[in-house]
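K.L.:
In the order they appear, the protein sequences are chains A and B. Remember, this note's numbering sits 12 above the position in the first sequence when you count from 1. Remember, this note's numbering sits 8 above the position in the second sequence when you count from 1.
Among the hints, erroneous ones may be present.
Within a straight-line C-alpha distance of at most 30 Å, the following computed DSS-like cross-link-like pairs (lysine-lysine) qualify [what the hints assert, rightly or not]:
1. A:Lys53 x B:Lys24
2. A:Lys30 x A:Lys53
3. A:Lys52 x B:Lys46
4. A:Lys52 x A:Lys31
5. A:Lys50 x B:Lys46
6. A:Lys53 x B:Lys46
7. A:Lys65 x A:Lys31
8. A:Lys34 x A:Lys65
9. B:Lys11 x A:Lys50
10. A:Lys34 x B:Lys46
11. A:Lys34 x A:Lys50
12. A:Lys21 x A:Lys52
13. B:Lys24 x A:Lys52
14. A:Lys52 x B:Lys11
15. B:Lys11 x B:Lys46
16. A:Lys31 x A:Lys50
17. B:Lys78 x A:Lys52
18. A:Lys34 x A:Lys52
19. A:Lys50 x A:Lys65
20. A:Lys53 x B:Lys11
21. B:Lys78 x B:Lys46
22. B:Lys11 x B:Lys78
23. A:Lys34 x A:Lys21
24. A:Lys21 x A:Lys50
25. A:Lys30 x A:Lys52
26. A:Lys31 x A:Lys21
27. A:Lys53 x A:Lys21
28. A:Lys65 x A:Lys53
29. B:Lys78 x A:Lys53
30. A:Lys31 x A:Lys53
31. B:Lys46 x B:Lys24
32. A:Lys21 x B:Lys46
33. A:Lys65 x A:Lys21
34. A:Lys34 x A:Lys53
35. A:Lys65 x B:Lys11
36. A:Lys30 x A:Lys50
37. A:Lys30 x A:Lys65
Derived by calculation from the structure, the hints in this document are not laboratory data.
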Amino acid sequence: DTEVTQTPKHLVMGMTNKKSLKCEQHMGHRAMYWYKQKAKKPPELMFVYSYEKLSINESVPSRFSPECPNSSLLNLHLHALQPEDSALYLCASRPGRDGTGELFFGEGSRLTVL
Amino acid sequence: AQKVTQAQTEISVVEKEDVTLDCVYETRDTTYYLFWYKQPPSGELVFLIRRNSFDEQNEISGRYSWNFQKSTSSFNFTITASQVVDSAVYFCALSALMDTGRRALTFGSGTRLQVQP
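Model the full assembly from the supplied sequences, consistent with the hints where possible.
P.N.:
Quick look at the structure:
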C-alpha cells in the first residue's frame, strides 16, 4: 500500500465547477509535489512545496491553485478547468529538499473535465 | 540540457522470458541520480531503484537487475523470468542540475511491458 494517499481517486467536473484534490503523507517528508500525467505520457511537474513553501511553479495556469496547509497535507484547487486538463494528477513526497532522493507517489486522482 | 530516452515504446514477452528495458540519458552534470519506476494500471508510480553517478556497480534484487554504464550513458533494467504481474509501464528518470542551477527530475517516455501468460 502506498504511503501517499490521494483523494478522490476519480473526479468528473464541469468547466464551471470548483473542486479540490487532496494528498496526505505521514512519512515526515518535507518536500511535496504535484504532477500531471496525460495518457501514454510521462508525468510532468506542476508544483513543488518545500517546508510548506511553494518553491517551484512550472508555469501552470492559474486555474490550478496549490495549497500546503501543513507538512502532511497538499491540496490542488481546481476552478474553470478545460477539457484538455483531463489527466491523472499525481502527488509525491520526498524526505529532503535537495532533490536527490527518490519520490514516493500516490495512486493519483483521475480527473475528467466535461 | 538533460534528456532521458527510452527507445522501446512497447515490449511484449511470454511469461518466463527475460526482458531488458533500455534507458539512455544525457546531462552535463557530474553528480546525478538515476531512477527506475514501475507504473501498474492502478496509476501509482512505484520506486524500484536509485543509483548515483559515482556508483557504477550493477545491482540485483530478486528477478530484477540493473546495468549502469557511464561510458555509454545507459542504465538498463533486466527482468529475469518475467511474470504477468510485471506488466506495467516502466519509467527511467534522471535527477541532475540544469543550466539554471536548479535540480530537476526528468522522466523518459516510458516502456509499456506486456507479459503474456
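K.L.:
Which of the stated hints cannot be reconciled with the structure, identified by number in ascending sequence?
P.N.:
Of the numbered hints, all hold.
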